[in-house]
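A.B. asks: Those sequence lines, one after another, are chains A and L. Counting along the first sequence from 1, when you hit position 168 you're at 168 in full-length UniProt numbering, and nothing is skipped either side. Counting along the second sequence from 1, when you hit position 126 you're at 126 in full-length UniProt numbering, and nothing is skipped either side.
Hints were generated in silico from the structure; no laboratory data involved. Don't take every hint at face value.
For chains that are exact copies, the list does not tell them apart, and a pair is met inside one copy or across any two.
[What the hints assert, rightly or not] Result set (SDA-like, lysine to any residue): computed pairs, CA atoms no more than 20 Å apart in a straight line: (1) 146 with 25; (2) 40 with 100; (3) 40 with 151; (4) 134 with 28; (5) 191 with 10; (6) 141 with 41; (7) 202 with 93; (8) 40 with 119; (9) 134 with 173; (10) 202 with 147; (11) 191 with 147; (12) 40 with 134; (13) 146 with 47; (14) 40 with 115; (15) 191 with 37; (16) 134 with 172; (17) 52 with 28; (18) 50 with 112; (19) 146 with 119; (20) 190 with 180; (21) 190 with 117.
The structure displayed is predicted, hence computed values, not measured ones.
2 protein chains.
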Amino acid sequence: MAQDRNTEELIIEAAKKIFVQRGLAGARMQDIADEAGINKAMLHYYYRSKEKLFEIVFNEALGRIIGRLGQIAIDGELPLEQKIRGLVESYIAGVAETPYLPIFVINEINQRPDLLVQRMQSLSGFSNIMSFMKDVIEAGKRGEIKQVSPIQLFLNIVSMCIFPFAAKPLVQGVLQLDNVQFNLVIEERKKLVADVILAWLKP
Amino acid sequence: MAQDRNTEELIIEAAKKIFVQRGLAGARMQDIADEAGINKAMLHYYYRSKEKLFEIVFNEALGRIIGRLGQIAIDGELPLEQKIRGLVESYIAGVAETPYLPIFVINEINQRPDLLVQRMQSLSGFSNIMSFMKDVIEAGKRGEIKQVSPIQLFLNIVSMCIFPFAAKPLVQGVLQLDNVQFNLVIEERKKLVADVILAWLKP
DNA sequence: CTTTGCATTAACCAAATGGTTAAATCAAAT
DNA sequence: ATTTGATTTAACCATTTGGTTAATGCAAAG
Numbered sequence: 001m002a003q004d005r006n007t008e009e010l011i012i013e014a015a016k017k018i019f020v021q022r023g024l025a026g027a028r029m030q031d032i033a034d035e036a037g038i039n040k041a042m043l044h045y046y047y048r049s050k051e052k053l054f055e056i057v058f059n060e061a062l063g064r065i066i067g068r069l070g071q072i073a074i075d076g077e078l079p080l081e082q083k084i085r086g087l088v089e090s091y092i093a094g095v096a097e098t099p100y101l102p103i104f105v106i107n108e109i110n111q112r113p114d115l116l117v118q119r120m121q122s123l124s125g126f127s128n129i130m131s132f133m134k135d136v137i138e139a140g141k142r143g144e145i146k147q148v149s150p151i152q153l154f155l156n157i158v159s160m161c162i163f164p165f166a167a168k169p170l171v172q173g174v175l176q177l178d179n180v181q182f183n184l185v186i187e188e189r190k191k192l193v194a195d196v197i198l199a200w201l202k203p
Numbered sequence: 001m002a003q004d005r006n007t008e009e010l011i012i013e014a015a016k017k018i019f020v021q022r023g024l025a026g027a028r029m030q031d032i033a034d035e036a037g038i039n040k041a042m043l044h045y046y047y048r049s050k051e052k053l054f055e056i057v058f059n060e061a062l063g064r065i066i067g068r069l070g071q072i073a074i075d076g077e078l079p080l081e082q083k084i085r086g087l088v089e090s091y092i093a094g095v096a097e098t099p100y101l102p103i104f105v106i107n108e109i110n111q112r113p114d115l116l117v118q119r120m121q122s123l124s125g126f127s128n129i130m131s132f133m134k135d136v137i138e139a140g141k142r143g144e145i146k147q148v149s150p151i152q153l154f155l156n157i158v159s160m161c162i163f164p165f166a167a168k169p170l171v172q173g174v175l176q177l178d179n180v181q182f183n184l185v186i187e188e189r190k191k192l193v194a195d196v197i198l199a200w201l202k203p
């Protein structure tokens, strides 16, 4: 079950699956080895410790979540409305590809905030977010949109995009939605979330 | 350090703190015992197993989160706008009292969705949520608000109220907010989130 | 064919962990 | 004072878990 592909990659793939599913504390090295179809000792041969392996998986996940946030300011030329519509749609679509990443990242950061602090500066999306906020302030001054706190705008967008995934089982339980219905709701949100934000921003 | 108060309560208090902080997999019985200032064996004397103790803590936390959601439909006489303003304010205030509960509950449900299914029916807030949804549909038909999916309305409110807490360290890291600034942002949201929702609902 | 160096495995280890037990302590009733 | 029942403790146990090691497999270079 393990011969074909590169062993290192096999391990990372397996580690991703197990860590994201169970978290650092809940993940077992044996389970990762089983998932990869190899011996447990191989994990330590290629990646020294559970911690090291976890850091690789976590940092990639964090980059994926925050990196996506960076998309918030691309397409600098478009009017803010188009920018927001495009952002929401692509962000929801992006998160939907790996719906369990947000809760994994959020939870691990919650237990060890230092995981974030280390990587903050080096993450690409960061400066884009700042320039987006400046855009919002400028547009507000020009009267194109209502004057709002860019931080709150940012929080509102991210909340409505990510939370339904982070709380997916809770949402499905409370609202009695099967997977098909849940996906329909998500699909509808790609437009709807932007509608909500833009209605609020109307001057 | 343990004599004064009821031992059972001391244990529950300690278990709450440790479980909410580290999750089921990350919590150690010894840590709970230390936190309560008692012997580890006492945990098993009063509550048979880690699982049993966890269930008590988790169910109370779940009730607190979902129970609050039930507030969504109280004050049945008020107009929908007042209802929503009151709901958002009290919900954010409620979550702010125990900001780490959402991520705890969400994360544990994520790893064991059965935890939710068991308790769903018996949770009080549930029927209130349903009746709130009917109210929304009625108000939409009467033209008091725009006709929107009550599920989406519900998701939007809950997302904007809960997510900032669930992702608190991530939010603080990305937006460079210290605790004081974070609390100010939250305070501002008690009104702002309702503004966003009501702007969207305007017919 | 032999050597060399990486890859892989099985067996093993020490520490941690959830749980148990038998003895001791304590408070109230007799 | 003694008995009785619940409470508390220290020592112990079996299993799990992250990690190590020594031996083996194996493919390419000599």
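A.B. asks: Hint by hint, note whether the structure agrees.
C.D. replies: Here is what the structure says about each hint:
1. Within a single copy, residue 146 and residue 25 get their C-alpha atoms no closer than 45 Å, and across copies no closer than 46 Å, so neither meets the 20 Å cut-off.
2. Proximity of residue 40 and residue 100 under a CA criterion of 20 Å is satisfied in neither setting, with 25 Å inside one chain copy and 35 Å between copies.
3. Taking CA atoms no more than 20 Å apart as the test, residue 40 paired with residue 151 passes in neither setting, with 46 Å inside one copy and 46 Å between copies.
4. When the C-alpha separation of residue 134 and residue 28 is checked against a cutoff of 20 Å, the pair qualifies neither within a copy, at 45 Å, nor between copies, at 46 Å.
5. Taking identical chains as interchangeable, the C-alpha atoms of residue 191 and residue 10 are never at most 20 Å apart, the minima being 38 Å within one chain and 49 Å between chains.
6. In this assembly of identical chains, the alpha carbons of residue 141 and residue 41 never lie at most 20 Å apart, being 61 Å within a copy and 65 Å across copies at closest.
7. Within a single copy, residue 202 and residue 93 get their C-alpha atoms no closer than 25 Å, and across copies no closer than 28 Å, so neither meets the 20 Å cut-off.
8. Taking CA atoms no more than 20 Å apart as the test, residue 40 paired with residue 119 passes in neither setting, with 29 Å inside one copy and 38 Å between copies.
9. In this assembly of identical chains, the alpha carbons of residue 134 and residue 173 lie at most 20 Å apart only when taken from different copies (19 Å versus 40 Å within one copy).
10. Taking the shortest alpha-carbon separations for residue 202 and residue 147, both the intra-copy value of 9 Å and the inter-copy value of 19 Å come in at or below 20 Å.
11. For a Cα distance limit of 20 Å, the shortest separation of residue 191 from residue 147 across copies, 15 Å, qualifies, whereas the shortest one inside one copy, 23 Å, does not.
12. Proximity of residue 40 and residue 134 under a CA criterion of 20 Å is satisfied in neither setting, with 50 Å inside one chain copy and 55 Å between copies.
13. For the identical chains of this complex, residue 146 and residue 47 are neighbours neither inside a copy (51 Å) nor across copies (56 Å), given an alpha-carbon limit of 20 Å.
14. In this homomeric assembly, residue 40 and residue 115 never come within 20 Å of each other (Cα to Cα): the closest approach is 26 Å inside a single copy and 31 Å across copies.
15. For the identical chains of this complex, residue 191 and residue 37 are neighbours neither inside a copy (42 Å) nor across copies (54 Å), given an alpha-carbon limit of 20 Å.
16. Taking the closest pair of Cα atoms, residue 134 and residue 172 come within 20 Å of each other only across two copies (19 Å); inside a single copy the shortest separation is 37 Å, beyond that limit.
17. In this homomeric assembly, residue 52 and residue 28 come within 20 Å of each other (Cα to Cα) only inside a single copy, at 14 Å, whereas the closest approach across copies is 23 Å.
18. Taking the shortest Cα distances, residue 50 and residue 112 sit within 20 Å of each other inside one copy (16 Å), while across copies they are farther apart (23 Å).
19. When the C-alpha separation of residue 146 and residue 119 is checked against a cutoff of 20 Å, the pair qualifies neither within a copy, at 34 Å, nor between copies, at 43 Å.
20. Within a single copy, residue 190 and residue 180 get their C-alpha atoms as close as 16 Å, which meets the 20 Å cut-off; across copies the closest is 33 Å, which misses it.
21. Taking the closest pair of Cα atoms, residue 190 and residue 117 never come within 20 Å of each other, the shortest separation being 31 Å inside a single copy and 28 Å across copies.
In this structure, the earlier hints numbered 1, 2, 3, 4, 5, 6, 7, 8, 12, 13, 14, 15, 19 and 21 are contradicted, and the remaining ones agree with it.
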